[in-house]
Amino acid sequence: MSDNHLPRDLTLYVLARFALVGVIAGGLLLANVPLLVSLLIGLVVGLPLGMLLLRSLNARVTAGLARRNEKRARARADLRSQLRGDRVDGAA
Numbered sequence: 001m002s003d004n005h006l007p008r009d010l011t012l013y014v015l016a017r018f019a020l021v022g023v024i025a026g027g028l029l030l031a032n033v034p035l036l037v038s039l040l041i042g043l044v045v046g047l048p049l050g051m052l053l054l055r056s057l058n059a060r061v062t063a064g065l066a067r068r069n070e071k072r073a074r075a076r077a078d079l080r081s082q083l084r085g086d087r088v089d090g091a092a
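Using the UniProt record's numbering, the letters of the sequence shown correspond one by one to residues 1 to 92.
One thing to keep in mind: the hints can contain errors.
Here are the computed distance ranges between Cβ atoms for each label pair [unchecked claim]:
hint: 1; residue 1: S81; residue 2: L12; range: 33 to 41 Å
hint: 2; residue 1: A75; residue 2: P48; range: 31 to 39 Å
hint: 3; residue 1: T11; residue 2: L43; range: 14 to 22 Å
hint: 4; residue 1: P7; residue 2: G85; range: 34 to 42 Å
hint: 5; residue 1: R8; residue 2: R72; range: 15 to 23 Å
hint: 6; residue 1: D86; residue 2: I41; range: 55 to 63 Å
hint: 7; residue 1: R72; residue 2: P48; range: 25 to 33 Å
hint: 8; residue 1: L53; residue 2: R8; range: 14 to 22 Å
To be clear, the hints were calculated from the coordinates, so they are not data collected in a lab.
All values reported here derive from a predicted model rather than from experimental measurement.
The beta-carbon is built from N, C-alpha and C at its ideal position, and this holds for glycine as well.
Please work from the sequences and hints to get the whole structure.
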């Protein structure tokens, strides 16, 4: 899987979390629970439920973020070595 899937996976994950909160809050609204209370309960219940239901999507997002951070760390190390004047691969 390449890094260009990270924005898609992250967007899907965020939208799925919002949808989960919306479904919970909507169900509570149908039971005549006030809107603000429904949203708060939806957030509180949606956090652990989202961790269970969206486990694979969460793992893909986490893996994509880890790959991106590794690339950034390598690029930062390369830049620091260039600034120190160390020899870089491909330099004469």
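Hint-by-hint comparison with the structure:
1. S81 - L12: 33 to 41 Å: 37 Å, holds
2. A75 - P48: 31 to 39 Å: 36 Å, holds
3. T11 - L43: 14 to 22 Å: The hint (14 to 22 Å, Cβ to Cβ) holds, given that T11 and L43 are roughly 20 Å apart.
4. P7 - G85: 34 to 42 Å: 36 Å, holds
5. R8 - R72: 15 to 23 Å: Holds, since R8 and R72 (Cβ atoms, about 20 Å apart) stay within the stated range.
6. D86 - I41: 55 to 63 Å: 57 Å, holds
7. R72 - P48: 25 to 33 Å: This hint holds: roughly 31 Å between Cβ atoms.
8. L53 - R8: 14 to 22 Å: About 19 Å separates the Cβ atoms of L53 and R8, which means 14 to 22 Å holds.
Comparing the model with each numbered hint stated earlier shows that all of them hold.
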